[in-house]
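4 protein chains.
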Amino acid sequence: MPMTQASQTIPEKVFRDPVHDYIHVQHQLVLDLINTREMQRLRRIKQLGTSSFTFHGAEHSRFSHSLGVYELTRRIVDKFQRNYPSQTPDDGLWNDDERLVVLCAALLHDVGHGPFSHTFEKIFNTDHEEITQAIILSEETEVNTVLRQVSADFPAKIASVIDKTYPNPQVVQLISSQIDADRMDYLIRDSYYTGTNYGNFDMTRILRVMHPYKDGILFDYAGMHAVEDYVTSRYQMYMQVYFHPVSRGMEMVLNRLMQRANDLYHSKWVNIGQSAPFLIPFFEQNWSLTDYLHLDDNVLQTYFAHWLAQNDDAILSDLANRFLNRKPFKSVTYNRETDQHLLSELCQLIEELGYNTTYYTAQNSSFDLPYDFYRPEAKKPRTQIELLEKDGTLTELSQASTLVQAFTGKTNGDQRLYFPNELYYGKNKAHVSLFEPILAEIHQMTKTGKLRPKI
Amino acid sequence: MPMTQASQTIPEKVFRDPVHDYIHVQHQLVLDLINTREMQRLRRIKQLGTSSFTFHGAEHSRFSHSLGVYELTRRIVDKFQRNYPSQTPDDGLWNDDERLVVLCAALLHDVGHGPFSHTFEKIFNTDHEEITQAIILSEETEVNTVLRQVSADFPAKIASVIDKTYPNPQVVQLISSQIDADRMDYLIRDSYYTGTNYGNFDMTRILRVMHPYKDGILFDYAGMHAVEDYVTSRYQMYMQVYFHPVSRGMEMVLNRLMQRANDLYHSKWVNIGQSAPFLIPFFEQNWSLTDYLHLDDNVLQTYFAHWLAQNDDAILSDLANRFLNRKPFKSVTYNRETDQHLLSELCQLIEELGYNTTYYTAQNSSFDLPYDFYRPEAKKPRTQIELLEKDGTLTELSQASTLVQAFTGKTNGDQRLYFPNELYYGKNKAHVSLFEPILAEIHQMTKTGKLRPKI
Amino acid sequence: MPMTQASQTIPEKVFRDPVHDYIHVQHQLVLDLINTREMQRLRRIKQLGTSSFTFHGAEHSRFSHSLGVYELTRRIVDKFQRNYPSQTPDDGLWNDDERLVVLCAALLHDVGHGPFSHTFEKIFNTDHEEITQAIILSEETEVNTVLRQVSADFPAKIASVIDKTYPNPQVVQLISSQIDADRMDYLIRDSYYTGTNYGNFDMTRILRVMHPYKDGILFDYAGMHAVEDYVTSRYQMYMQVYFHPVSRGMEMVLNRLMQRANDLYHSKWVNIGQSAPFLIPFFEQNWSLTDYLHLDDNVLQTYFAHWLAQNDDAILSDLANRFLNRKPFKSVTYNRETDQHLLSELCQLIEELGYNTTYYTAQNSSFDLPYDFYRPEAKKPRTQIELLEKDGTLTELSQASTLVQAFTGKTNGDQRLYFPNELYYGKNKAHVSLFEPILAEIHQMTKTGKLRPKI
Amino acid sequence: MPMTQASQTIPEKVFRDPVHDYIHVQHQLVLDLINTREMQRLRRIKQLGTSSFTFHGAEHSRFSHSLGVYELTRRIVDKFQRNYPSQTPDDGLWNDDERLVVLCAALLHDVGHGPFSHTFEKIFNTDHEEITQAIILSEETEVNTVLRQVSADFPAKIASVIDKTYPNPQVVQLISSQIDADRMDYLIRDSYYTGTNYGNFDMTRILRVMHPYKDGILFDYAGMHAVEDYVTSRYQMYMQVYFHPVSRGMEMVLNRLMQRANDLYHSKWVNIGQSAPFLIPFFEQNWSLTDYLHLDDNVLQTYFAHWLAQNDDAILSDLANRFLNRKPFKSVTYNRETDQHLLSELCQLIEELGYNTTYYTAQNSSFDLPYDFYRPEAKKPRTQIELLEKDGTLTELSQASTLVQAFTGKTNGDQRLYFPNELYYGKNKAHVSLFEPILAEIHQMTKTGKLRPKI
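So the protein sequences, as listed, match chains A, B, C and D.
Heads up, the first sequence is in the UniProt record's numbering, so the first residue is 1 and it goes up one at a time.
Heads up, the second sequence is in the UniProt record's numbering, so the first residue is 1 and it goes up one at a time.
Heads up, the third sequence is in the UniProt record's numbering, so the first residue is 1 and it goes up one at a time.
Heads up, the fourth sequence is in the UniProt record's numbering, so the first residue is 1 and it goes up one at a time.
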């Protein structure tokens with residue numbers, strides 16, 4: 001890559017980071033990217049969405065995470081360059097000309113995230129991965145302007161890393177594979193901020209045993225247990241933090257709230273848009289990149305507060321109140337195969353109490369596949385984790401670890417039906433009155449936490 | 001205190017906390033208070049205001065801190081009750097009837113904080129301590145409704161703890177003194193989230209050596225070095241975190257931005273209120289408690305985003321851009337006594353470059369008094385820290401510690417003049433052109449970080 | 001239990017502990033036990049034997065661990081008494097009359113350990129569990145004298161807890177089961193001192209979800225993932241720390257060294273006993289409890305130093321040198337079924353180089369069973385881990401966790417042949433000379449770390 | 001320096017370290033030094049001597065600390081070479097030819113320590129600094145053999161760094177100055193192992209702001225508060241850990257025990273040497289380097305155990321018992337100027353109780369000077385800490401920090417008289433009988449912890 005001024009190194013600048021101690025910035029380009037308005041917007045989007053309603057300490061933003069992924073990538077690349085520098089083309093070792101590409105891709109990999117990502121995407125048909133690429137490629141963004149200083153095709157290179165079509169598999173796998181800088185940062189960071197320990201793993205050891213080879217990234221067999229430990233940590237974080245039923249209860253409230261707002265906008269009964277100007281293009285399903293970049297967690301929550309204060313629609317303001325003042329829906333697990341009949345029955349009861357079940361019940365499935373080997377037939381085949389033995393053989397991780405084998409190809413999670421918490425057993429033990437018989441039936445069906453027939 | 005249902009204990013509930021591991025809730029009353037909308041609002045107000053622009057990890061809210069102060073108070077009171085339970089009135093030991101009072105006061109001590117407290121208060125003449133009491137006392141709040149379940153005069157008791165007029169000095173000093181649960185929590189919490197270590201001190205030891213006596217709280221002489229360590233940590237956090245020049249540079253941008261909005265509202269040139277409905281009562285200086293409780297960090301930043309998008313006033317949208325996209329004012333220190341002439345000269349130069357110095361320069365003094373003994377003549381006399389020797393004598397901390405003596409009664413900090421960062425030397429070394437001579441003079445006056453005459 | 005003075009509580013004393021922050025002592029009896037010479041002897045016996053030769057930080061003693069097990073037990077019992085106090089006999093809840101029994105058993109559970117336990121036991125036919133009971137029961141020890149102050153049968157009670165014959169299964173399981181205070185302390189403590197993270201698990205959560213029931217100790221189903229995490233941590237510590245091949249290489253040197261000393265003593269060629277007076281009763285296989293209590297790590301190593309300095313026997317002083325100056329035997333893994341022939345061949349080659357293979361080779365098998373359910377037919381049936389669901393059902397851990405199921409009933413580990421490190425490939429690449437052909441053959445068989453035929 | 005094989009780099013080897021995560025070894029020479037018997041001996045000498053009797057977790061050895069000092073030095077030198085590489089002779093920047101010199105000096109700086117250093121040195125007139133140099137310079141040691149592989153004069157170079165006569169002040173100050181790798185490692189390490197937090201300081205920040213200049217090592221002014229923090233941590237560790245009265249009580253027992261052994265040896269009443277062969281040359285005051293290297297903590301404690309078991313001399317075996325079984329002498333502080341008369345009076349009383357005060361009382365002064373500027377007239381003038389301002393000026397630390405100024409040139413500590421703990425008030429409250437009147441007087445003089453007249 002021809003050296004332009006933008007890609008030159010500068011006297012190191014640092015950002016204090018509670019997880020990695022310091023983030024080290026060594027290129028003007030990286031500093032300029034951090035200072036773009038698109039990156040700064042990530043300060044206003046929480047990394048864990050509604051999880052901070054369960055783990056109050058986890059109020060960190062996607063901005064912090066992005067710096068963390070950048071820093072981890074930088075450390076890995078430093079080790080690669082020190083220990084495995086490419087000498088000849090195609091020797092499968094690390095070519096340091098890729099450094100800026102991988103650092104920029106690491107920093108920008110989440111720049112397209114919107115507020116409360118998954119929920120927002122479902123209601124308004126957006127896709128944060130596409131938008132990440134659009135932000136990188138559109139000449140209207142500051143990110144693109146900064147990247148173009150390197151070369152005209154530099155933005156396209158970065159976008160292709162995000163897209164996984166970049167030719168060098170080492171670069172792609174550092175940003176996106178079953179053990180990449182993204183996942184490593186979020187496991188440790190989310191552990192730190194939630195105050196759980198589950199996401200901790202032996203990162204320094206993993207960094208020691210990983211190295212480049214012609215098809216991507218390898219791990220020395222000696223590091224097998226550290227990789228096992230990482231896979232287990234990931235599993236634990238999904239089970240204990242990311243899939244926490246209470247966070248999902250808040251997510252369901254949010255989903256119903258946004259759905260109601262959208263429905264109201266189109267019904268024209270009430271003027272939902274006036275107090276939520278940045279949302280209008282999304283209600284209209286006619287939005288530009290600029291419109292998208294106006295959105296963040298603050299904006300949505302402010303609009304919820306407007307709606308609550310205006311009180312034009314009972315359902316809308318009730319749901320806004322539940323969200324802003326943390327009144328999560330409660331839930332029971334159910335079995336998709338056998339419990340359909342019970343689901344209908346329970347929803348029926350809730351409807352009889354006067355709730356509009358379109359907005360006051362919700363089904364949520366959360367399943368994760370902690371690890372899998374490469375399956376060419378899969379919809380999204382995974383890049384399997386390879387271990388290098390002393391005699392040069394490659395072994396796929398689940399072949400070496402009985403522990404990982406237990407996870408391989410198996411999803412973990414559950415399905416839950418969500419409903420208003422005032423219908424929950426614990427809340428009403430004492431003064432069940434007017435609707436007592438119905439409520440008592442709901443209690444019977446839900447009180448063990450698993451959906452059951454009434455007696 | 002007669003036991004009402006509200007004040008009864010419940011099976012312990014816990015909240016995971018990264019700083020204290022778990023927050024333990026043992027009374028329905030405390031749980032109900034946490035669930036009020038006034039407490040939940042604190043989730044939307046950052047504990048450290050603009051500091052997260054310097055320490056990106058420090059995005060935690062006043063809600064987390066409030067839980068932390070509650071938990072620390074609970075632990076201290078547990079120890080008091082186990083080790084120093086009062087046997088007879090006036091024995092100066094711990095009377096556990098005070099438990100609920102002190103726990104509620106701890107939890108609620110910051111409930112009246114507004115967004116970006118100090119800056120907002122200056123522009124709009126609000127006072128978070130008065131509002132904390134109002135929230136506790138006003139029958140319109142959920143907090144008050146919950147507190148009244150204990151007894152009609154319970155809200156007034158809590159408010160008097162905040163006001164320091166509560167008769168039991170132990171209760172008052174646990175919430176507010178030179179070494180109280182509030183300060184202990186924020187030092188450790190802010191350390192954790194900023195990723196600095198400066199605020200750490202030996203909390204378990206301090207909790208071990210503190211105990212009640214007739215005039216408040218004492219510390220065993222054996223814990224003197226732990227108290228020293230606490231005082232030093234507090235000093236370090238002020239010097240290194242709370243007074244960081246970059247955070248203050250963002251605070252100055254915010255101050256000028258809100259000042260401009262207020263001025264515009266009254267000038268009626270542009271309709272600043274329409275896109276900022278919750279601010280109108282404050283522009284009008286005619287606001288209710290409900291109006292105040294509508295505000296949080298999200299709301300203000302959303303309005304800034306509206307103003308930036310509307311672009312009705314060049315100064316307003318420029319300042320909004322600086323704030324939202326983190327472009328802090330830069331600064332030089334100066335000497336209040338001797339540098340007045342230089343200040344005028346520098347502002348003059350900035351004005352000549354076309355800046356309206358009312359909105360584009362700002363003076364900021366940040367000074368702290370790490371420790372002081374009791375001085376009856378002072379405006380706010382401090383409750384001095386007393387150490388108890390084995391033979392029963394009390395010694396005031398600075399008499400026992402040469403280290404603390406070095407701090408006693410001495411303020412630390414500095415005064416700075418803030419101005420746009422594009423005028424700063426480092427930014428423009430290369431392409432100073434049109435306004436070159438003026439800029440060069442500004443550089444001469446500011447480039448060492450201390451205000452100096454031009455040559 | 002009738003209250004004697006010895007069992008009364010005292011003003012709390014604390015010992016600073018890096019793992020548990022403070023160890024809290026609340027009974028004179030416990031303090032007196034800690035101060036006995038038998039407990040103080042544990043300061044001179046390393047917790048991890050030869051592991052500190054691999055993990056240089058892990059120099060902690062069995063004394064620290066014993067205090068840790070005591071403290072954890074104390075915390076668990078405190079929770080039991082607060083949350084599950086027995087009201088009526090046989091209600092299956094916690095009877096606080098058991099407190100002193102379980103605390104003493106926790107503190108004393110390892111008091112019979114000798115220096116470099118397993119190795120010493122093999123050579124000299126001692127058994128630390130029997131000796132633990134002997135120390136508790138023998139009227140010659142200070143431990144027994146202290147315990148007898150409670151009551152004449154108190155020592156026998158404590159010994160029966162160690163022996164697992166004590167009638168209350170809660171007490172037994174706290175000290176010895178698949179998830180007991182002993183294991184919890186050593187996993188966390190050994191992690192802390194080795195500087196690995198593998199042994200960390202969510203101890204506070206496990207302490208929250210454990211409670212007594214009529215058949216012992218239960219865990220709430222809600223804590224299933226925390227228990228999973230504990231089982232995984234235990235597995236990782238075995239794989240990565242306790243079974244580390246280099247530590248075992250030192251253990252093999254130690255084994256051969258003590259074997260040689262024993263053989264020499266009986267051969268009478270050299271006077272091995274004069275410089276090792278405390279060992280004579282063991283060479284003679286005629287030792288008293290007093291003799292046993294003379295031994296510790298210091299004493300053995302001092303005698304090794306004497307033997308090295310005297311240099312009366314070439315093999316003895318060579319092995320003493322290898323041990324004192326950290327020259328571990330190297331190893332290859334082998335398959336017990338298929339590699340017997342190769343083993344003989346390799347030993348033959350080593351013998352041809354002039355080594356006495358009795359003292360210069362050693363086989364070591366290290367296998368662990370991370371978890372198992374109760375199997376009545378097993379030699380040492382395990383107390384399985386039970387989870388309590390909301391509806392009152394008990395579920396055995398491996399039924400609830402696919403992760404634990406992967407471990408259940410499966411041993412992990414390997415078998416290795418150990419030989420002098422100077423025969424190892426890495427050491428001699430350059431200057432293989434006189435014995436070159438034999439050495440080259442040894443290298444062929446061992447250089448990949450797995451025993452292989454020569455080519 | 002001409003490159004010999006010994007000084008060449010090797011593929012990096014690591015040692016897991018709880019304090020620095022990993023120790024990185026990059027030269028065969030360093031690895032060979034670590035493996036010498038002189039370095040391995042340090043595994044058998046505790047870093048903190050008798051402190052582990054107070055802080056039971058602090059059982060770490062001088063070996064761990066030596067690796068830590070090496071690693072810190074390596075990290076500093078890496079930063080120097082990356083950021084401040086010398087371009088021309090005498091530019092005052094870092095010359096990487098010094099790397100091996102400084103790394104070896106760091107690793108070896110404590111190699112001459114004996115068991116329980118200060119106490120042993122006092123009784124037997126040894127000097128660990130001289131012996132460190134002797135080990136480096138003597139052709140009989142493995143250390144010297146390894147060093148000579150670099151060049152014939154390499155040992156002398158390393159010795160001159162220890163001696164502070166090496167010409168490059170940067171190298172000398174890295175190993176020995178008021179803020180060097182030695183102190184930084186021990187503060188953090190001793191904090192970690194004692195479980196106190198007092199020794200923690202912001203090491204990463206200090207490493208960032210330190211750099212070489214022509215007269216040694218400088219710190220950027222921006223790092224002033226981090227340096228303040230370090231000075232305070234050092235002060236706290238001395239006050240709270242190193243000078244702990246209980247550890248000194250064990251040191252006094254040790255001192256009296258060795259004094260008694262020495263006196264007995266020369267009195268010839270009992271054959272003290274037979275069971276303590278390695279001590280004979282020291283009793284005789286005629287010892288070689290080999291004799292010295294036979295000694296370690298294990299050896300001394302084993303001999304104490306021999307003496308205790310033999311029980312030939314009542315005082316000797318009593319003192320051995322006190323040491324091995326942790327029965328520290330108790331103490332009172334006193335004022336050297338005014339309390340001489342009281343001291344005599346108290347010793348007189350102790351003598352009347354039948355104690356030989358030569359062996360059963362001891363005075364101990366522990367004073368430290370946390371920081372001082374350079375005072376040419378001082379016995380050991382200190383290299384002051386210099387801060388570099390943005391305009392190039394140097395400022396001595398205490399001129400910049402009011403906090404450090406409070407420490408500067410002031411010693412902290414106390415003087416204590418030690419005596420058997422059975423004479424201590426707390427022990428005998430109940431059953432003071434036969435010698436009651438004398439004991440009561442002793443109690444009166446000592447019970448507040450400060451020496452006082454009897455009433």
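Honestly, I wouldn't trust all of these hints.
Identical chains blur together in the list; that is why a pair holds if it fits in one copy or across any two.
Unchecked claim - No farther apart than 30 angstroms at their CA atoms in a straight line, the calculated lysine-lysine pairs in the DSSO-like style are these:
id: 1; residue 1: LYS268; residue 2: LYS447
id: 2; residue 1: LYS214; residue 2: LYS268
id: 3; residue 1: LYS164; residue 2: LYS380
id: 4; residue 1: LYS79; residue 2: LYS410
id: 5; residue 1: LYS450; residue 2: LYS13
id: 6; residue 1: LYS268; residue 2: LYS164
id: 7; residue 1: LYS214; residue 2: LYS447
id: 8; residue 1: LYS164; residue 2: LYS379
id: 9; residue 1: LYS13; residue 2: LYS79
id: 10; residue 1: LYS13; residue 2: LYS214
id: 11; residue 1: LYS380; residue 2: LYS214
id: 12; residue 1: LYS450; residue 2: LYS390
id: 13; residue 1: LYS79; residue 2: LYS379
id: 14; residue 1: LYS454; residue 2: LYS268
id: 15; residue 1: LYS122; residue 2: LYS79
id: 16; residue 1: LYS122; residue 2: LYS13
id: 17; residue 1: LYS380; residue 2: LYS447
id: 18; residue 1: LYS410; residue 2: LYS13
id: 19; residue 1: LYS450; residue 2: LYS164
What the hints contain is simulated information worked out from the structure, not anything from laboratory work.
Please read all numbers here as calculations on a predicted model, not as lab measurements.
Name the hints, by number, that the structure is in violation of. Hints 1, 2, 4, 6, 13, 14, 15, 16, 17, 18, 19 are the ones this structure does not satisfy, whereas the remaining hints hold.
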